[in-house]
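Asks: One-letter residues, chain by chain:
Number of protein chains: 2
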Amino acid sequence: MRYFKPINSNIDFKKIKLQPEGEVIIRKLSDMVDMYQNQEAIKETLKENPIIYKFYNVKIPEDKGHLQHCISIVYPGKIGGEYYMTKGHFHKIKDTAEIYLTLKGRGKLVMQTPDNECKILEMKEGSISYIPPYWAHRTINIGKEPLIFFGVYRGDAGHNYGIIEKKVWL
Amino acid sequence: MRYFKPINSNIDFKKIKLQPEGEVIIRKLSDMVDMYQNQEAIKETLKENPIIYKFYNVKIPEDKGHLQHCISIVYPGKIGGEYYMTKGHFHKIKDTAEIYLTLKGRGKLVMQTPDNECKILEMKEGSISYIPPYWAHRTINIGKEPLIFFGVYRGDAGHNYGIIEKKVWL
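Just so you know, the sequences run in chain order A and B. Note that the numbering used here has the first sequence beginning at 594, numbered continuously upward. Note that the numbering used here has the second sequence beginning at 594, numbered continuously upward.
Calculated from the structure, these hints are not laboratory results. It cannot be assumed that every hint is accurate.
To be verified - The calculated BS3-like cross-link candidates involving lysine-lysine, where the alpha carbons are at most 30 Å apart (straight line), are:
id, chain 1, residue 1, chain 2, residue 2
1, A, Lys712, B, Lys607
2, A, Lys657, A, Lys687
3, A, Lys701, B, Lys657
4, B, Lys717, A, Lys697
5, A, Lys687, A, Lys717
6, A, Lys608, B, Lys712
7, B, Lys647, B, Lys598
8, B, Lys657, A, Lys652
9, A, Lys657, B, Lys652
10, A, Lys621, A, Lys598
11, A, Lys607, B, Lys717
Said to hold, decoys possible - Calculated from the model, a selection of chain B residues having no Cβ within reach of chain A, i.e. all distances over 12 Å:
id, residue
12, Met594
13, Gln632
14, Glu633
15, Asn642
16, Leu696
Quick caveat: nothing in here was measured; it's all calculated off a predicted structure. Built from N, CA and C at the ideal position, the CB exists for glycine as well.
Please take these sequences and the hints and turn them into a complete structure.
Replies: In structure tokens:
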């Protein structure tokens, strides 16, 4: 039998960098204009089109026995009165969990069930936040430094952004 | 529908403590005498019966949509010529992975497939070690400080120590 080989990635806690980088996914304001309320601030900020967040994804098979894992960085800043945040997502396989270990910064982890139950957890250095199956989740940087966290989810969980993009949260 | 509620645990990176503690599992030398070679050193060290390692387990349903997670601490030391190490285990559901993020200390992560293929990864602050499905795994503290790491695995994966207790590794 051929086994998938063990691999190491390394996060430099000071330089906020994953080695090897894996797949780097960057979200700029232009990728998420519908998620902020203040149209004028969006228009103004789009001239610079800042990176809102990015994540480094280790390349792992999309299979239920595997575990996807990534380092996410949400930058500090505001669009109008709203903090920089991630798009937020359900998993394609909805009954799968996710875990965030916060390495640096200060944030809020906003979660919602399909029945619109809400829950917000604090994110700070050393927080281990458990996002149980079914909860959609979004992270918000409420500090002045980058919010950096390590995330783990089941290999086949997948992402569903569509519902959240169209829905007003909270 | 009733959803499992999101929860936060917190690891103090300086004090090496999880809050809330969850379930604390302690392994003393007397729990693992068959794993070291030097019978005389074992007999001598059993007088004090030191804690070799312990882990703080967050209480999560044992279900395939969930993710178990824990903080493990392997203390520094030797029994005869051998470093303190964990018992090591396969998962009961063998085709499930595990991830270790090393927070402090220096170690070796020793892995083996059912076909006796071996692989060793370094553990140091910021190492993200991916243990793919099927690989048995054991951690060894090779430093002078506690080796501390955050581990995540599928909710229903379970542990199988028996095979490794009876088998000479490497």
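Asks: Starting from Lys712 (chain A), check that the Cα of Lys607 (chain B) is at most 30 Å away, please.
Replies: 28 Å, holds
Asks: Is the straight-line distance between the alpha-carbon of Lys608 (chain A) and that of Lys712 (chain B) 30 Å or less?
Replies: Roughly 28 Å between the alpha carbons, so the hint for Lys608 (chain A) and Lys712 (chain B) holds.
Asks: Are the Cα atoms of Lys657 (chain B) and Lys652 (chain A) separated by 30 Å or less?
Replies: This hinted pair holds, its Cα atoms lying about 21 Å apart.
Asks: Holds or violated: Lys657 (chain A) with Lys687 (chain A), Cα cutoff 30 Å?
Replies: 13 Å, holds
Asks: CA of Lys647 (chain B) to CA of Lys598 (chain B), is that 30 Å or under?
Replies: 27 Å, holds
Asks: Would you check whether the claim that Glu633 (chain B) is not at the interface survives, using Cβ distances to chain A and the 12 Å cut-off?
Replies: Consistent with the label, Glu633 (chain B) stays out of reach of chain A, its closest Cβ about 34 Å off (over 12 Å).
Asks: Is the straight-line distance between the alpha-carbon of Lys607 (chain A) and that of Lys717 (chain B) 30 Å or less?
Replies: Cα-Cα ~14 Å, so holds.
Asks: With a cut-off of 30 Å on the C-alpha distance, tell me whether Lys621 (chain A) and Lys598 (chain A) pass.
Replies: Roughly 34 Å between the alpha carbons, so the hint for Lys621 (chain A) and Lys598 (chain A) is violated.
Asks: Take the C-alpha atoms of Lys687 (chain A) and Lys717 (chain A), compute the straight-line distance between them, and say whether it is at most 30 Å.
Replies: Judged against 30 Å, a Cα distance of about 26 Å means the pair holds.
Asks: Taking the minimum C-beta separation from Met594 (chain B) to chain A, is that value above 12 Å?
Replies: 7 Å, violated
Asks: Per the stated criterion, does the least C-beta distance between Gln632 (chain B) and chain A lie above 12 Å, as a non-interface residue requires?
Replies: Answer for Gln632 (chain B): holds, closest chain A Cβ roughly 32 Å.
Asks: Would the hint linking Lys717 (chain B) and Lys697 (chain A) be met if the CA-CA limit is 30 Å?
Replies: 18 Å, holds
In summary, the structure is inconsistent with hints 10, 12 and 16 from the numbered list given earlier, while agreeing with the others.
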